[in-house]
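Asker: Now for the letters of each chain:
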Amino acid sequence: DVKVTQSSRYLVKRTGEKVFLECVQDMDHENMFWYRQDPGLGLRLIYFSYDVKMKEKGDIPEGYSVSREKKERFSLILESASTNQTSMYLCASRRRDAFRRIYNSPLHFGNGTRLTVT
Amino acid sequence: SQQGEEDPQALSIQEGENATMNCSYKTSINNLQWYRQNSGRGLVHLILIRSNEREKHSGRLRVTLDTSKKSSSLLITASRAADTASYFCATDRRKEGAQKLVFGQGTRLTINP
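Which chain is which? The protein sequence lines are U and V, in order.
FYI, in the working numbering the residues of the first sequence are 4 to 121.
FYI, in the working numbering the residues of the second sequence are 87 to 199.
These are computed hints drawn from the structure, not numbers from a lab.
Note that beta-carbon positions come from the ideal geometry of N, C-alpha and C, so glycine has one too.
A hint or two may mislead.
[Said to hold, decoys possible] Calculated pairs, DMTMM-like style, for lysine to aspartate or glutamate (alpha carbon to alpha carbon, straight line, at most 20 Å):
#1 V:Lys186 / U:Glu65
#2 U:Lys6 / U:Glu33
#3 V:Lys186 / U:Glu20
[Said to hold, decoys possible] Now the stretches of chain V that chain U is said to cover, found in silico as 3 or more residues with beta-carbon under 8 Å:
#4 109-122
#5 129-138
#6 186-199
[What the hints assert, rightly or not] Away from chain U, derived, C-beta distances all over 10 Å, residues of chain V:
#7 Ala105
#8 Lys142
#9 Arg148
#10 Ser159
The task is simple: from the sequences and hints, build the whole structure.
Answerer: Here is the structure:
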């Protein structure tokens, strides 16, 4: 089974701090994603990466950056944490079995990091 | 922007009954997927249906897809207490690159013993 591990289940940070959320997958997946989940808003895509050192903005990238130096690890960085970034953060990975850019593989999620910014 | 819209937002039924959840979307898709999320945990993939398929089964799950109406339904038969969770549909947007999987806001399902 694919395992996606997020380094922290709960995290409390202060406004203005630089925050690193780490995610590691063990199945050699090419694609990795960061979502945030908020009540009433569902899951929103922050960034994704389709290969090492490659990244693309999702729907809400403002205030975030990412790093993918190794295939198994995808880090989400909050450059200067703010209270409106208090949320549940979910990392996911996906195998690239694309045929003509059509992906038919599921996402595998970690258990999430609940971040509180005070 | 959210692609999928689940309906209803919340559903409460008795154990043993069937549960039906619906999902509507707006743009053309490559496939549609359903996920389950237990409270405070990550999402778990349940089933994927491709745009050229109309129905798919997996155990007690039955998914239908109507591309003309841009809608899908998830049916859980003979529900159990362990089915209590939130259920999300997700679509691969065809135009914006197949890598982006866009989720709806979910249906909260409660199975009463």
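Asker: Work down the list of hints and note, for each, if the structure agrees.
Answerer: Comparing the hints with the structure gives:
no.	hint	result
1	V:Lys186 / U:Glu65	holds (17 Å)
2	U:Lys6 / U:Glu33	holds (14 Å)
3	V:Lys186 / U:Glu20	violated (29 Å)
4	109-122	holds (count 4)
5	129-138	holds (count 5)
6	186-199	holds (count 7)
7	Ala105	holds (19 Å)
8	Lys142	holds (12 Å)
9	Arg148	holds (18 Å)
10	Ser159	holds (18 Å)
Of the hints listed earlier, the one the structure fails to meet is number 3.
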